[in-house]
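For the record, the sequence lines run as chains A, B and C. Heads up, the first sequence is in numbering that gives the first Met the number 0, so the first residue is 0 and it goes up one at a time. Heads up, the second sequence is in numbering that gives the first Met the number 0, so the first residue is 0 and it goes up one at a time. Heads up, the third sequence is in numbering that gives the first Met the number 0, so the first residue is 0 and it goes up one at a time.
If you are wondering where the hints come from, they were derived from the structure by calculation, not from laboratory data. Here a beta-carbon is modelled for each residue, glycine too, at the ideal position from N, C-alpha and C. A few of these clues could be false.
Said to hold, decoys possible - Restraint ranges, calculated between C-beta atoms of paired labels, are given here:
{"no.": "1", "chain 1": "B", "residue 1": "Gly358", "chain 2": "C", "residue 2": "Phe18", "range": "30 to 40 Å"}
{"no.": "2", "chain 1": "A", "residue 1": "Glu63", "chain 2": "C", "residue 2": "Phe18", "range": "26 to 36 Å"}
{"no.": "3", "chain 1": "B", "residue 1": "Glu101", "chain 2": "C", "residue 2": "Leu88", "range": "37 to 47 Å"}
{"no.": "4", "chain 1": "A", "residue 1": "Glu63", "chain 2": "B", "residue 2": "Gly188", "range": "38 to 48 Å"}
{"no.": "5", "chain 1": "B", "residue 1": "Gly63", "chain 2": "A", "residue 2": "Asp65", "range": "22 to 32 Å"}
{"no.": "6", "chain 1": "B", "residue 1": "Gly358", "chain 2": "A", "residue 2": "Gly28", "range": "14 to 24 Å"}
{"no.": "7", "chain 1": "B", "residue 1": "Leu283", "chain 2": "A", "residue 2": "Ala102", "range": "53 to 63 Å"}
{"no.": "8", "chain 1": "B", "residue 1": "Ala31", "chain 2": "C", "residue 2": "Gln60", "range": "33 to 43 Å"}
{"no.": "9", "chain 1": "A", "residue 1": "Ser64", "chain 2": "B", "residue 2": "Asn55", "range": "38 to 48 Å"}
{"no.": "10", "chain 1": "B", "residue 1": "Glu101", "chain 2": "A", "residue 2": "Leu12", "range": "33 to 43 Å"}
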Amino acid sequence: MMDWILGHYNYWLVIIIMMAGFYTVISQGNLIKKIAGLNIFQVSVFMLYISVSNVKGGAAPIIESDVSLYSNPLPHVLILTAIVVGVATTSLGLALVVRIKEAYGTIEEDDIHNQDQSL
Amino acid sequence: MIEAHLSLLLVVLPLLAAPVIAILPNGRLPWAVSTLVSFAVFAMACLQLINVSTGNVISYELGGWAPPWGIEYRIDAANALVALIVAAIAAVTLPYALYSVEKEIPQKQLSLFYSAFMLCLTGLLGITQTGDIFNLFVFLEISSLSTYALISLGSKRQALTAAYQYLIMGTIGATFFLIGVGLLYAMTGTLNMLDLAERLPALTEHRTVQTGFAFIMVGFALKLALFPLHLWLPNAYTYAPSVITVFLAATATKVAVYVMLRVMFSVFGFSFIEGSPTDEIFLLLCVAGILLMSFYAIYQQDSKRLLAYSSVAQIGYMMLGLGFGSVLGVTATLVHLFNHALMKGALFMAIGAIIYRIGSSNIDTMAGLGKRMPWTFAAIIIGGLSLIGVPGTAGFISKWYLVLAAMEQQNWLIIGVILIGSLLAVIYVWKLIEALYFKPANETAHANVNEAPLMLLIPTWILVIANIYFGLNTELTVGTAEQAVKLLLPSAY
Amino acid sequence: MKHNLILRVISKFLIPLIFLFALYVQFHGDFGPGGGFQAGVIFSTGIILYALVFGVKTAKQIIPPFVLRSLASFGVLLYAGTGVASLLLGGKYLEYGVLASTQVAGQHLGILLIELGVGISVMSVMLIIFFAFAERGQTEEGS
């Protein structure tokens, strides 16, 4: 039983981080904290992909003459793409927050909602 | 030579245009370049549809690498139909955009606006063309990110919060999709949709595959604004610039419905869907969506918001067809996809023309304008009739196929819901028409208002006439849809 | 911040090394961890460090905003253009094998060009984002 729990520790980490990030997005009223939560949520997904790409006893996926077993390089590339997407989303979100601060004077969701029932 | 690379050029041409437009000087040049590109893309989409309407499937290998190791663009009748919708709406919206955008967007942001528009077009077309599920995620994010930026360019400050809300919800949806794809990849080792379809039937009982399916479904339900995950849509449509509302309302959710179709029937297959509770969940959510959202629409004071809630209800109609999972059901979904793009495109364009003249979309503010802007008013009437489903318009065809699909399943409750939905549509369309024609006009404020300029009217009327044309001649819509269903649901034939 | 002697000296020492490291990461992407995106970010970090220590205005004199926008467009066009070039030479889109005389050489050239395009684009976009945020507030950084 313990073997099974400890053997799947990467999935436990993914679940914990995913839920932490998701809860932050839903519960926090501060707009920047929401974006931070979104980032944490996305990091858990990256961990999911990369942890399943590891092959037991495999070397890094760079061709060497005396290595026969490599780890799977495809998820690494997928995650590079996803990280770039995450960075773009974060910067767009933060740019929106800067504009919201200039327009409303606050970045708390409740205050914005009180100002014009829009969020 | 272009023939062989058609399906690729469809995606790459706007992608090449976007950085070029970004460095052009502000003025009319960005608009001109984007309009030319959209016309070229529309021509290519038409050629592509003609190519696949006989039943063959185009497969284009990117980089020369054969699938499943390489990314392939795989186009059959369903893809080609949705690609045609996106390209056609873009080709009609961009001429409309000349005056509308100049009024609503500051001069110094014009080239970046059109650049972002081109990127959005790239993303949406890429989603329709690709046969690789991770490539789909990449294009999904390209289109979503440009959409968030475009929505935030609205004139009111609520556009910023609307864009932010859409950003948060849309990213969560896309990340859910990514999780689902990751779980599927971990189980099958492939990302190519055709290859997945071959490997998944052996793994149907595996919990990981079912969880992956659930994540993908929820992720895309968020993207296509299925009730109750529709919360971003009313704000996004209401506060975006008029051109963006037209483009989004007619394309973004349709492409998401297409992806849902593709994942459900091409990747997972009909037997997997039958064994899952998908159809009951969809039917329940769609019924709730149609009824509740139509009710919400009736009480709205802002015409754009009214039409946004109506859009959510119409998406409920589309997903009803998917929930049935039968040949008639999926045909109805594809036909309604096409027709709703025309309907909402025409309606939002007409509202955009009103905003161009009086600067507001509030129903009370636009009272009595019907007499001063007769052509715009006529467009709203015909678009509204199409929304209700009056025979002779495109809306009737989709409702007809939906009712046929429901009758085949002996589901009288759904037939009742469809009819009640149409009745509710009558109420909110009447609300618009009554305010525009039968209420007394505000003479002092609207003294100088006359008909919208020709550049705004002609695209609106192209869509209105398309509404009537495709309500009478269903060869394109229903024919292509039936062709598509043959490939999506081969087991039913 | 430019009145702080230690920061000035250390940053002037470090910034060229950061650029060098960025170029190393850029061109060793096919043999080790690295590639366009990482290199672009590291390269922009050098300039951001300069902007933090010596002021955003001075940094903008080194790289004017319109140059940045042109570089960003150029990077994307380089990437897409490589694909179109392979289209014109008879292969499929982004089929690098046709770009040079042999398959292997073509692949090498193709990946190099692509990663270069990505690196240039990412660097300029990171700087555009930084400059856009940095000049938004009322206070000036480091002057």
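| Given a hinted range of 14 to 24 Å, is it respected by the beta-carbon distance of Gly358 of chain B and Gly28 of chain A? | violated, 33 Å
| query | Does the Cβ-Cβ separation between Glu63 of chain A and Gly188 of chain B fall within 38 to 48 Å? | reply | 23 Å Cβ-Cβ, so the 38 to 48 Å window is violated.
| message | Holds or violated: the 33 to 43 Å window for the beta-carbon distance between Ala31 of chain B and Gln60 of chain C? | response | holds, 34 Å
| Quick one: are Glu101 of chain B and Leu12 of chain A within 33 to 43 Å, going by C-beta? | For Leu12 of chain A against Glu101 of chain B, whose Cβ atoms are near 52 Å apart, the range 33 to 43 Å is violated.
| task | Return holds or violated for the Cβ distance of Ser64 of chain A and Asn55 of chain B against the range 38 to 48 Å. | result | Hint holds: Cβ distance 46 Å, inside 38 to 48 Å.
| At the C-beta level, are Glu101 of chain B and Leu88 of chain C separated by a distance inside 37 to 47 Å? | Taking Cβ atoms as reference, Glu101 of chain B and Leu88 of chain C lie about 41 Å apart, which means the hint holds.
| Do the Cβ positions of Gly358 of chain B and Phe18 of chain C conform to the proposed distance bound of 30 to 40 Å? | violated, 51 Å
| query | Are Gly63 of chain B and Asp65 of chain A spaced within 22 to 32 Å by their CB atoms? | reply | Distance hint for Gly63 of chain B, Asp65 of chain A holds at roughly 31 Å.
| Regarding Glu63 of chain A and Phe18 of chain C, is the given constraint of 26 to 36 Å on their beta-carbon distance met? | holds, 30 Å
| field | Pairwise beta carbon distance, Leu283 of chain B to Ala102 of chain A, judged against the given window 53 to 63 Å | value | Violated - the Cβ-Cβ distance for Leu283 of chain B and Ala102 of chain A, about 39 Å, lies outside 53 to 63 Å.
Hint compliance for this structure: hints 1, 4, 6, 7 and 10 are not met, and every other hint is.
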